[in-house]
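Enquirer: In case you want the letters, here they are:
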Amino acid sequence: MPNISFFVNGRAVSIDAPEDTPLLWILREELGLTGTKFGCGMALCGACTVHVEDLPVRACMARLGEVAGKRVLTIEGLGQNGLHPVQEAWLEENVPQCGYCQSGQIMGTVALLRKKPKPTDEDIDAVLSSHLCRCGTYCRIRRAVHRAAEKMGGTP
Amino acid sequence: MSARGPEATRRDFLKVVGLAGGTFALGLELPGCSPKMPMAAGGDFAPNAWIRITQTNRFLFALDRVEMGQGTTTSHATLVAEELDVDPSRIEVVAAPPDRAYDNPELGFQATGGSTSLKSSFMPLRRAGATTREMLRRAASVAFGAPLAECVAADGEVRHVPSGRKKTYGEVAQLASTLPIPENVALKDPATFRFVGKRVNRLDARAKVDGSAVYGIDVKVPHALVAIVIRSPTIGGKLVSFDPGSAKTRPGVVDVVRVPSGVAIVAESYYRARAAEKDVTCTWDAGATMSTEVLRKAYAERLERSADVVASHGSIGSGMAKARHVLEARYEAPYLAHATLEPQNTTVHVRENDCDIWAPTQAPALTVEAARRILGFSRANIHVHTTCIGGGFGRRLAQDFVVEAVHVAVAIRALGRPVKVVWSREDDTTNDPYRPMSLHSVKGGVGEDGKISAWSQRVVTQSIVGQVGREWAPVLLPNGAPGIMKLAIGHTAGALFGTNATTDPSSHEGVSDMTYEAAFGAFRVEYAPVESGVPVGFWRSVGHSENAFIVESFIDELAHAAGRDPLEFRLAHLAKGSRARAVLELAAEKIGWKTAPAKGIFRGIGLTHAFSTFCAEIAEVAVDGHAVSVKRVVAAVDCGAVVNPDIVTAQIEGGICFGLGAALKQAITIEHGRVKETNFHQFPLLRMNEMPKVEVFIVPSKEDPTGVGEPGVPPIAPAVANAIFAGTGVRLRRVPLLPALAEALAARSGGAKERR
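So the sequences go chain by chain: A and B. In case it helps, this note's numbering puts the first sequence at residues 381 to 536. In case it helps, this note's numbering puts the second sequence at residues 41 to 796.
To be clear, the hints were calculated from the coordinates, so they are not data collected in a lab. Everything numeric in this text was worked out from a predicted model, so none of it was measured. Even for Gly, the Cβ is constructed at its ideal location relative to N, Cα and C. A couple of the hints might just be wrong.
[As the list claims (entries may be wrong)] Simulated DEER-style distance windows between Cβ atoms: (1) A:Ala506 <-> B:Arg290: 50 to 58 Å; (2) B:Gly204 <-> A:Phe387: 19 to 27 Å; (3) B:Arg604 <-> A:Leu435: 52 to 60 Å; (4) A:Leu435 <-> B:Phe233: 26 to 34 Å; (5) B:Val334 <-> A:Ser385: 53 to 61 Å; (6) B:Arg290 <-> A:Gly534: 32 to 40 Å; (7) A:Ala506 <-> B:Met163: 47 to 55 Å; (8) B:Phe233 <-> A:Gly534: 39 to 47 Å; (9) B:Ala420 <-> A:Ala506: 51 to 59 Å; (10) B:Val349 <-> A:Glu472: 51 to 59 Å; (11) A:Ser385 <-> B:Thr289: 25 to 33 Å; (12) A:Ala506 <-> B:His263: 42 to 50 Å; (13) A:Glu472 <-> B:Ser281: 52 to 60 Å; (14) B:Asp195 <-> A:Leu435: 20 to 28 Å.
Just chain B, with the same shape it has in the complex (with noise of 0.2 Å):
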């Protein structure tokens, strides 16, 4: 299997959504963003896995990248509805079942992350809907009994145009079904776009503003149970005996069983299950007992060993030895939780030979596959169902909670009822996948000329394909994996076959292949691998997160040092023309860089190559003696051509309050094995009033379309810092940087007063 346009994917939409799954068979309402799907009716025209259109003239899109606030039920359903030529409101959003089918050939399975949605997605469904098209204009032409020529499909009719006749695209849906897909059909030209490029409204907005879309949390599945589990207080500790005292008495407590991840109390209700948590004693191995400031030491004793060189050019020695101003560094950066608003949960329905899953999932194939490793079922019997998703940012690629609320569901099979797991705050804050934490020192020179003659950067952190590898190898394997998946499979291979993984290009992404390395003398970055035992994941913008802060701030440094401003130190190393360039141009226009800011207002830059995407930002920021607010932030992208330019917009407004959370406040402790946030007062996260005024410019392009739901994230923290930086003096080399320039500034008043 590799193509997957709708001339290679002829699997039929009623086979794939219709009927797939026990949801229809039940007569349960599909509890995604969508409406409910009406039973598979014959006649309907299902010319691929995507669209469907019935007899009754409804047009219904099977969506295989998850909506997770990202814009994909509107995107997407956009693309279909342009090439279809119908008004994207028409169009019926259903969350596609996990299929071959939808594999995201950027991914190598079916599965929604790494900005790849509208990149993956773009000529595919385009096709899809053209080749729809087509075909029911040449149903039309025989209903008709005229010639195809004189046959327009248009805003959902075709229309015989010397007779004026019309039918809808529902009245001949069932004569197109008949017909042989054509090949090669005719996508339209851009210039007669009608939706694509222009803002259309989101079509999941409304039920996300009366209340009836439909999250995990808030399936309804009849006679369903509802549990919590109890899990141990340390990372990785193991129930050694638990006692459920009274729990079992309590009125709607069903029953306290022991699943692998601790103890689950099943009740009739969630607050009758979490009533009754005080009353079961769990006995716990010790677990883990790591710390972050031990791990922070291992990391500084980890970065003076031996690493991978992952990028080089030129030599090293010879370039410092060239420079003018030669700076050295250390930066550091926490681990993070996703912190999804909606908690993790899940709800399993497991009968003799099959079952049902409701899941906010970001990876369809690998909530299956969970399943499958736990139940022994065959894929196709393993029924699950995308719900509406409170938030994914990576954590929703990780399955822990499918597996756990699986496991739930095997310990009280005998019931014979579903069961619903839902999470705490403090379980969620406490049980994350983490941003890894992560040191890097780096070294850099500039010559006599203002260009840098040498790089050299070395990369602590823990990598994330090497954790994650092992549960994703069995769903890539048959499909084969593109890019960096490919290396989860490499990954995989070491640790069975007992040989050194190989890089995870996710630790060092925006290092190794920042955006200025081509104009440096020399440059040299290497990577240090570490384990630490505390589980990570791929958290919005992944590995760049943190190295652009980095990167962007040394580059800061750099600019300093040798005396150059630092927007004109950064374009003197980005090649004239370049995409890079320009999104960094842009923004300095509209920020007016050559104006100075307002009284008591400084000014930070960040640039990212981030996901395909070029993004800049340029942040003015308040500082009032120790106090420092973020005002303003204007932000230029060039991620392609644009879909929808208010999505893309709300992406980077988006990605800068995710990321201006990171770099103020943000931090994820461990003590003795312990994650000490458990809650929002503890892991806090951007708030409206510290939300800066944002300004969004899209660079034109014709380019392939590529991602915005990560980009926005990364340059914010440096352009803050180095904002920061501007206004004080303090150089901060540490997030969050509210607590790193407190600490800052109390040593500087200290170290003025020891002066006196």
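Excised from the complex, chain A in its bound form (with noise of 0.2 Å):
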């Protein structure tokens, strides 16, 4: 069986695994990116969320076959020159508890940002009612989203 090559946050990565391994278990294990989390298996908590071609894809339902040749974007490649505003506006407003959902969080609000940059509370709803938290930190998120957006311009 062939390599299959795919980028992972700018780099070039060559994986020896079955072409239906889930993507998110190549990342966690074979690229040691723990950052994408494993939740449910069956794309219903969002939080393995991250960006192929700069879409969000649940990584778990994903197949490492779906992406050779692709750009992967995950949450320890998002602010590679320090912190993306997102991660930032997530801090000014202490939005973490447990923190476990937290990468799905901000990799979905991304992505949100980038379609909407000025997203009204029904844009983030559409958006992040698929991301779950079990701690509830649903309204720091909600507020995070539109500090992130103030913080960005209202540009994608």
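Hints are included, so try docking the two chains, each in its own frame, into the full complex.
Expert: Written out as structure tokens, the structure reads:
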């Protein structure tokens, strides 16, 4: 079986694993990128959200073969020159509690702001209602999304 | 061992933290929410089990109340920082290893739960910080050759005031380590607090937004294998036989082994192990056959039999006789799963005479004990490393996931490799120690004067303490145990010696000690414990989680029956000047109770006194036909002196979210011995679009601090149920509310049609 090559956080990688392996486990176990979390394995919780070619994807359902040749961005690659404004907003609002869902929430938010630089509460609900938080940080996530949008000046 | 201040605990931080455990010897990174722990160095200053100041001027703090999101990293470091007089952001927090120096005096062993973390640490950590600062000041006075009175310790350095000379804490650390530890060092006057009582940003947030925080599931131990376990599909079922099929021939699969809980597939990675699952054939015995519907009938029968009186005053008979309005009702609450977002996991490396365990555990002492019973090692040779915890909520007080991982490690011991056992979401949902199901009958009377003349309630549920007592007793006994934990021992002794178990206050908390009872003419609570075979455990706010729903709903029923305003009716049963009354009045004022809500919006109240904290929540619920949604919640909380108001607010917000998900939607159901719900499509958590606006108001207080991890949960279910009643006229006596409401409304419209 030939290796499957793609880009993670700007770095070219080549993986020897079955092509139907969930991307999540390739990231976590083969590449050591454990910031992307395992929550449900069925795309029900959003904890494993990464970007593939700038679009949000649930890494637990995406297959290794589907990302061949593509660009994958994980939480570790988000703020390569310091923190991303979304991460800064998260800190300013003291969002995380246990923190386990937050990588996915942040990756979901970055993707949302790319599409909707000035999201309304309804826009936020539409995207982030598929990201579960068991600790109940939703009020703060909402505030942090608005704050990040402001920081980014409404530009994607 | 009793008192736990630094005076009593002369355990050297270096001995306890720096050298305990194989991690440091192996040179591995400490996988906590913490920076890498530097190797123990001579000349560091470690006057107690919590604080270590290095000669390089680093301030290390061993956190012994695990961080699971509730904020101990920040609040506890703030207490130390305040008395040390350094900015909290300079404190480097590391997870404390198991050691009796870190026992939680509220629980009797090293564990985090019961909203006890601030209560149990507030004074000990302040004393530790103050004593450390005083010793640094004395050391600097020696170094300056100046009188102590001329030396001031502040902002991480000691200043000789007349000369303006300065030394950092690190510069005098070595000297300080040679000084005797002073007794009874004066603590700061709270009026001079710089950080306590203020918003200090979460110290663990950075690692949680950049993906670097290491949870149990993320632990990277060199050469570690990963295992999954196939468990019985029925509760308590046992493996008869298994056939590994072609699993072992798959690339990356190392072994398929039998363990007490089932069959472990051990592989080079999780995905390799999971891919082999379908190759393995397991034969199980019948296991349990219970189902929720049968259990509900058994509970109803149990309700009719004798029960233990656990609280009583006055004569119920004459109280009821005096009543103008008498109501009687039955209430029900289901089993619930904890559903921590990080599924259970543990990494174990067993060697000949010792082992390392990396676990997201709420109770390192129990983790050690669980391993000790299997391995027979001395406790000192069991090195437990507490990781970041992806949600606790009581789930990780249970050690089933540790026990299983140790068994897997033992089964593959010959390979000489560590192993991480990882649960799937389905494993997690179907193998939880559930919040117990309960059934209550309650009868109340209201007299002419609008006061409750009698309240009689019978609680049918499973005892949690009775179940965990056996597991906990060995770690409790040497240390003595306060409060509820004594009952765990009582239960265990009962089980061991064949006597009947005593009561379990966690089953009837919030009922037998309900906020209003002193104002009732007569009061009686009876407890009827049942056995079901379903494993149960402590679930965020424990008995209060369901009991508040029942008590606060029924008091609402009585208010409406007596034609009284639900707020006024409650206030009539709360002593003037009481803390319970104060939170209720504050919440009512902030929501504007006296002003009618907007059209289509209805309000309901919930008030609880749980874990020594008073919390009132008033919900505003929109009712539109059959659709209800919770729009806004105003909460008022009195948790004594506040260390970090932003964390208090966050915990109440989180408690409301946690409680609301359960109130509206969640139930675990069992059919033919199997748990029906497997993943989030069947056990739904509250979502962003369902989260109400939450406003939290904190009552200023100088009382000792109490916890806030749990008290936000209980009031929300009755607040919402009472608002639904206000909006629909339907009294819901069963949670989850949404299916109960749909059923009630369908029955009502069906009934209406029939009448037509």
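Enquirer: Compare the structure with each hint and give your call.
Expert: The hints, checked one at a time:
1. A:Ala506 <-> B:Arg290: 50 to 58 Å: violated (41 Å)
2. B:Gly204 <-> A:Phe387: 19 to 27 Å: violated (57 Å)
3. B:Arg604 <-> A:Leu435: 52 to 60 Å: holds (57 Å)
4. A:Leu435 <-> B:Phe233: 26 to 34 Å: Hint violated: Cβ distance 48 Å, outside 26 to 34 Å.
5. B:Val334 <-> A:Ser385: 53 to 61 Å: Cβ of Val334 (chain B) to Cβ of Ser385 (chain A): about 56 Å, so the range 53 to 61 Å holds.
6. B:Arg290 <-> A:Gly534: 32 to 40 Å: Once the Cβ atoms are compared, 51 Å apart, the range 32 to 40 Å for Gly534 (chain A) and Arg290 (chain B) is violated.
7. A:Ala506 <-> B:Met163: 47 to 55 Å: The hinted range 47 to 55 Å holds for Ala506 (chain A) and Met163 (chain B), with Cβ atoms some 48 Å apart.
8. B:Phe233 <-> A:Gly534: 39 to 47 Å: Holds, since Phe233 (chain B) and Gly534 (chain A) (Cβ atoms, about 40 Å apart) stay within the stated range.
9. B:Ala420 <-> A:Ala506: 51 to 59 Å: Given a distance of about 55 Å, which is inside 51 to 59 Å, the answer is holds.
10. B:Val349 <-> A:Glu472: 51 to 59 Å: holds (54 Å)
11. A:Ser385 <-> B:Thr289: 25 to 33 Å: holds (28 Å)
12. A:Ala506 <-> B:His263: 42 to 50 Å: holds (45 Å)
13. A:Glu472 <-> B:Ser281: 52 to 60 Å: Because 58 Å falls inside the window, the suggested range holds.
14. B:Asp195 <-> A:Leu435: 20 to 28 Å: violated (49 Å)
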